[in-house]
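Chemist: Now for the letters of each chain:
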Amino acid sequence: MDGLQYLLDCTGILPILILFATGILILLLDAFAPRGRKGRLAALALAGVLLAMIGWWRPLPVERELFGGMLFADSFGFFFDGLFLATAALIILFSAGTLDRDRIDLGEYYALLLFSVTGMMLMARAANLIMLFLGLEVLSIAIYILVGMPRHERKANEACLKYFLLGAFSSGFFLYGMTFIYGASGSLSLAAMAAAFGQGDLPHNPYLLLGTALLLVGFSFKIALVPFHMWTPDVYEGAPTPITAYMAVAVKAAVFAALARVFWMALPSLQPQWTNLFWVLAVLTMTVGNVAALVQTNIKRMLAYSSIAHAGYILVAVVAGSAQGLTGMLVYLAAYTFMNVGAFGVVILVQERLGIGEDVDDFRGLGFASPALGAAMAVFLFSLAGIPPTAGFVAKFFVFLAAIEASFTWLVILAVVNSAVAVYYYLRVVIVMYSRAESPTSLADRFGLGRIPSAALGALIVALWATLQIGILPQSLWELARHSVTALL
Amino acid sequence: MNIQFPLLSEIIFAPLLGVLLLVLVDRDNRPLQRWIALITTSVTLILALFMYAGFQGDSAAMQFVERHVWHAGVGIEYLLGVDGISLLLVVLTALLGPICVLACWTDIEQHLKEFLICLLLLETAMLGVFCALDLFLFYVFWEVMLIPMALLILVWGNPRRRVYAAVKFFIYTMAGSVFMLVGILVLYFHQVEATGVYSFSLLQMQQLALPGRLQIWLFLAFALAFAIKVPMFPFHTWLPDAHTEAPTVGSVILAGVLLKMGTYGFLRFNLPLFPEASATFTPLMVTLALIGIIYGAFMCLVQTDLKRLIAFSSVSHLGFVMLGIFAMNRQGLQGSVLQMVNHGLSTGALFLLVGMLYERRHTRMIADFGGLSKPLPVFATCFMIATLASIGLPGLNGFVGEFLILLGAFKARPLWAVLGASGVILAAWYMLWMFQRVMFGPVTRSENAGLRDLNRRELGLLVPVLALIVWIGVYPTPLLHKMEASVAALVTRIEAGGAVVGREPSGSRLADNHWTSTTKETRFH
Numbered sequence: 000m001d002g003l004q005y006l007l008d009c010t011g012i013l014p015i016l017i018l019f020a021t022g023i024l025i026l027l028l029d030a031f032a033p034r035g036r037k038g039r040l041a042a043l044a045l046a047g048v049l050l051a052m053i054g055w056w057r058p059l060p061v062e063r064e065l066f067g068g069m070l071f072a073d074s075f076g077f078f079f080d081g082l083f084l085a086t087a088a089l090i091i092l093f094s095a096g097t098l099d100r101d102r103i104d105l106g107e108y109y110a111l112l113l114f115s116v117t118g119m120m121l122m123a124r125a126a127n128l129i130m131l132f133l134g135l136e137v138l139s140i141a142i143y144i145l146v147g148m149p150r151h152e153r154k155a156n157e158a159c160l161k162y163f164l165l166g167a168f169s170s171g172f173f174l175y176g177m178t179f180i181y182g183a184s185g186s187l188s189l190a191a192m193a194a195a196f197g198q199g200d201l202p203h204n205p206y207l208l209l210g211t212a213l214l215l216v217g218f219s220f221k222i223a224l225v226p227f228h229m230w231t232p233d234v235y236e237g238a239p240t241p242i243t244a245y246m247a248v249a250v251k252a253a254v255f256a257a258l259a260r261v262f263w264m265a266l267p268s269l270q271p272q273w274t275n276l277f278w279v280l281a282v283l284t285m286t287v288g289n290v291a292a293l294v295q296t297n298i299k300r301m302l303a304y305s306s307i308a309h310a311g312y313i314l315v316a317v318v319a320g321s322a323q324g325l326t327g328m329l330v331y332l333a334a335y336t337f338m339n340v341g342a343f344g345v346v347i348l349v350q351e352r353l354g355i356g357e358d359v360d361d362f363r364g365l366g367f368a369s370p371a372l373g374a375a376m377a378v379f380l381f382s383l384a385g386i387p388p389t390a391g392f393v394a395k396f397f398v399f400l401a402a403i404e405a406s407f408t409w410l411v412i413l414a415v416v417n418s419a420v421a422v423y424y425y426l427r428v429v430i431v432m433y434s435r436a437e438s439p440t441s442l443a444d445r446f447g448l449g450r451i452p453s454a455a456l457g458a459l460i461v462a463l464w465a466t467l468q469i470g471i472l473p474q475s476l477w478e479l480a481r482h483s484v485t486a487l488l
Numbered sequence: 007m008n009i010q011f012p013l014l015s016e017i018i019f020a021p022l023l024g025v026l027l028l029v030l031v032d033r034d035n036r037p038l039q040r041w042i043a044l045i046t047t048s049v050t051l052i053l054a055l056f057m058y059a060g061f062q063g064d065s066a067a068m069q070f071v072e073r074h075v076w077h078a079g080v081g082i083e084y085l086l087g088v089d090g091i092s093l094l095l096v097v098l099t100a101l102l103g104p105i106c107v108l109a110c111w112t113d114i115e116q117h118l119k120e121f122l123i124c125l126l127l128l129e130t131a132m133l134g135v136f137c138a139l140d141l142f143l144f145y146v147f148w149e150v151m152l153i154p155m156a157l158l159i160l161v162w163g164n165p166r167r168r169v170y171a172a173v174k175f176f177i178y179t180m181a182g183s184v185f186m187l188v189g190i191l192v193l194y195f196h197q198v199e200a201t202g203v204y205s206f207s208l209l210q211m212q213q214l215a216l217p218g219r220l221q222i223w224l225f226l227a228f229a230l231a232f233a234i235k236v237p238m239f240p241f242h243t244w245l246p247d248a249h250t251e252a253p254t255v256g257s258v259i260l261a262g263v264l265l266k267m268g269t270y271g272f273l274r275f276n277l278p279l280f281p282e283a284s285a286t287f288t289p290l291m292v293t294l295a296l297i298g299i300i301y302g303a304f305m306c307l308v309q310t311d312l313k314r315l316i317a318f319s320s321v322s323h324l325g326f327v328m329l330g331i332f333a334m335n336r337q338g339l340q341g342s343v344l345q346m347v348n349h350g351l352s353t354g355a356l357f358l359l360v361g362m363l364y365e366r367r368h369t370r371m372i373a374d375f376g377g378l379s380k381p382l383p384v385f386a387t388c389f390m391i392a393t394l395a396s397i398g399l400p401g402l403n404g405f406v407g408e409f410l411i412l413l414g415a416f417k418a419r420p421l422w423a424v425l426g427a428s429g430v431i432l433a434a435w436y437m438l439w440m441f442q443r444v445m446f447g448p449v450t451r452s453e454n455a456g457l458r459d460l461n462r463r464e465l466g467l468l469v470p471v472l473a474l475i476v477w478i479g480v481y482p483t484p485l486l487h488k489m490e491a492s493v494a495a496l497v498t499r500i501e502a503g504g505a506v507v508g509r510e511p512s513g514s515r516l517a518d519n520h521w522t523s524t525t526k527e528t529r530f531h
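Chains as they are written, first to last, in this note's numbering: chain A, 0 to 488; chain B, 7 to 531.
I should point out that these hints are in silico values taken from the structure, not numbers from a laboratory. There could be a bad hint or two in this list.
Said to hold, decoys possible - Interface residues of chain B toward chain A, partial, derived using beta-carbon atoms under 7 Å:
hint, residue
1, G81
2, E149
3, V161
4, N164
5, V169
6, Y170
7, F176
8, A181
9, V188
10, L465
11, L467
12, V469
13, L472
As the list claims (entries may be wrong) - Straight-line C-alpha distance at most 25 Å; calculated SDA-like pairs for lysine to any residue:
hint, chain 1, residue 1, chain 2, residue 2
14, B, K174, A, F163
15, B, K174, A, T286
16, B, K174, B, Q309
17, B, K174, A, Q295
18, B, K174, A, Q4
19, B, K174, A, V420
Virtual Cβ for every residue (Gly too), placed ideally from N, Cα, C.
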């Protein structure tokens, strides 16, 4: 590969390079910055993300492969790059000024956050299973550390260890699956695999089936699909709340992107087989997630189970398997990102203000103490419940539309029953928020809008705006998603 | 397409403008908040009256149609329009707006601003439901409506059981409507396959001839959502709870408008879209309607709480509406549409009156009252008119609707009318007995003796409702004329699409033409 080509390819991964460089810079500066003034590092991280957004923003890319077929620079990757950058920006804004409570106002925090974003981008653009695995590991290792950052918290220690051990296992499964697939196809490139699997008696090739199943286990673990979800509530509960939010949206989105790439680009000829696997997973994930969420009293655990259930709805789109289904999946991931980050954002703010907010009951009277915060939370929760005119409804609508088009009406009926069940636990939080507080503490003083950190307020406004924008005028997002999925089909 | 004055959009979104204004008002400036709400709802009413005046009753077509592409990819449109069936409901909704604002003028002590915001949001959503002709848009309004209503019960309801009532209301309605969503999507794809046009437009879907089996399933999916809302017999248990725990205004809106969304849904979607299935399910629906009529009436007899009594009377009255709808002939349908309005007025008035009583005495137990007509003569008179309208006394609006419904039912199956008519008798029993216990006899409690009668605001908000009750009772022809063509078109569609139920007498137009004379006769009785 000549130097010029190499440089050209580098422009294709400009956002990744910018984020990586910013991350390194933060690590360097962190060594010299005095304690207590690390807030500037957050600003630097945000600047890095914004710069990466500028690098990202260009006319929709033509489809091409970079670095000798290792990475794609296509519209699908473009969509996810944008989603990851937006999520990272929101998480940084919510983290800035709210991390003191956990005593993790450290430079590494932001550096690791940026590294994990690069990992996600590599995953969503991977054209080769090795690249995908690299991305997965960059992402995972950064997250393992982020989860365990509140070193003095026993819950965080537990979460970190649990996530690390199980995560390491799942990486093992993933690698094992890769080797079997390599054995079956002779290549790790997605395109070469698709070509190799284009002919022959596939459903009876044991290496291929075993490899696919093992890969799916690896993916399922990271997305927290039932029955690979056991770690989720504990880890989500123990991790710092901004990281919980980050894991619930961005990590899932990245793995879904990779999953779509592998199954659509490398294994399309096995679609009848994997569709069957996916609907089983979808049914289990939706149902277990929702039923378990019903009985949670801790809000982070409740949102953890809710995020499991949402992964189930997204799987319905995967089951549909069509262009419409993939579009629905992308719209869902985008909508889910904004509404879930928003909901977690309110939790973060309450925790930061009150020092409590683990329990659903801690939100009692919030709707009156801070009408704006309460209304925002209500919008996010109703959106998660899938009630119009919010993003959550539009997303579900497109997913169900695709599934019914693909004649999975029974699955949609199951999904809507599930979302009716889910209304109960979201509604419960709204009810608590709009119940009058029994103790006459002056919540209002602590919750005046002026007292919300301006960074977090900005993030909240962006999340709220996006939730309503997607809910009321979904056209542009839908078109972008529709265009993005052409890269896969 | 020439640009028109978007009257329907203005009607729907005028209350939303009020919401935006309210958000900006300081939370302690209560008078300004009230006036903003009153003015925006009044403007909505005036616009609705303009629409009523401009509506051509002799056309069955949708009028004031607005059409804009909303989502081109899958064919969602912002499509609004009214016909003779929705016209009166839109006007009724708009009418109850200012009345509700006036009714809560002094009632709501805490969080008035939030209360009014909920109220106005609710009005926008309800108006949207009645005007939407795109199934997606309809579903959006349908679901949006849930949130402010649930909040009204939850925050301002009766402290004891409001959470239970609000959750029950929300979950019940939600559970029904998600199946409707599946139904809408299935219908949409059938539509796409049949015509190749990507559209959620109701007008488009009405062109379809759906296969019988599909009709059955779709009918059930839609009917579940609507039956819960009506509420029909086995799905009614949320209603007494929601009514009893809701604040006065919440009850008025629930009874006045929300329940009609169910019956409206049957008229707008189930009958025209699935005529064959409607015919198939007629025995079931009518049986449930009759059970509702009689069961609701018997439940009224054992209630000790005034609000709960009126709530169960709604179950009975809405049973009449369902009976009229599934009689599937002109008289039945006209009666049903009219009875929806009537029930909104008379039951709305009853809830307003009970609310006024509650504001004075902070109890709604029948046993706590007695002999109220002595300290409260004006109140008792208003209550009497609303009670009699609810019973269906000739000369008041309830009679017109019930008479037409029973006429339609008789034409379809005489037995239906016989059983239905027993509901009228029972209504006289439970309503008059209630009235007697509350109003007549000696003043049993000393607290009741010193109650002050209605003030000017309260009288002012009751008078328009009572005037309409009398006016519709005496001269319903203009209202019937507005809906005539639409109802006739619906009947034609049902008859073309499905089997006609019961025998078809030769003079099917007889009752319409003789209606005015019937009314006149009754006045001399």
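Chemist: Look at each hint and say if it fits the structure.
Modeler: Verification of the hints:
no.: 1; hint: G81; result: 11 Å, violated
no.: 2; hint: E149; result: 5 Å, holds
no.: 3; hint: V161; result: 5 Å, holds
no.: 4; hint: N164; result: 14 Å, violated
no.: 5; hint: V169; result: 6 Å, holds
no.: 6; hint: Y170; result: 10 Å, violated
no.: 7; hint: F176; result: 6 Å, holds
no.: 8; hint: A181; result: 5 Å, holds
no.: 9; hint: V188; result: 6 Å, holds
no.: 10; hint: L465; result: 33 Å, violated
no.: 11; hint: L467; result: 28 Å, violated
no.: 12; hint: V469; result: 35 Å, violated
no.: 13; hint: L472; result: 35 Å, violated
no.: 14; hint: B:K174 to A:F163; result: 42 Å, violated
no.: 15; hint: B:K174 to A:T286; result: 21 Å, holds
no.: 16; hint: B:K174 to B:Q309; result: 20 Å, holds
no.: 17; hint: B:K174 to A:Q295; result: 20 Å, holds
no.: 18; hint: B:K174 to A:Q4; result: 64 Å, violated
no.: 19; hint: B:K174 to A:V420; result: 12 Å, holds
The structure is inconsistent with the numbered hints 1, 4, 6, 10, 11, 12, 13, 14 and 18, although it conforms to all the rest.
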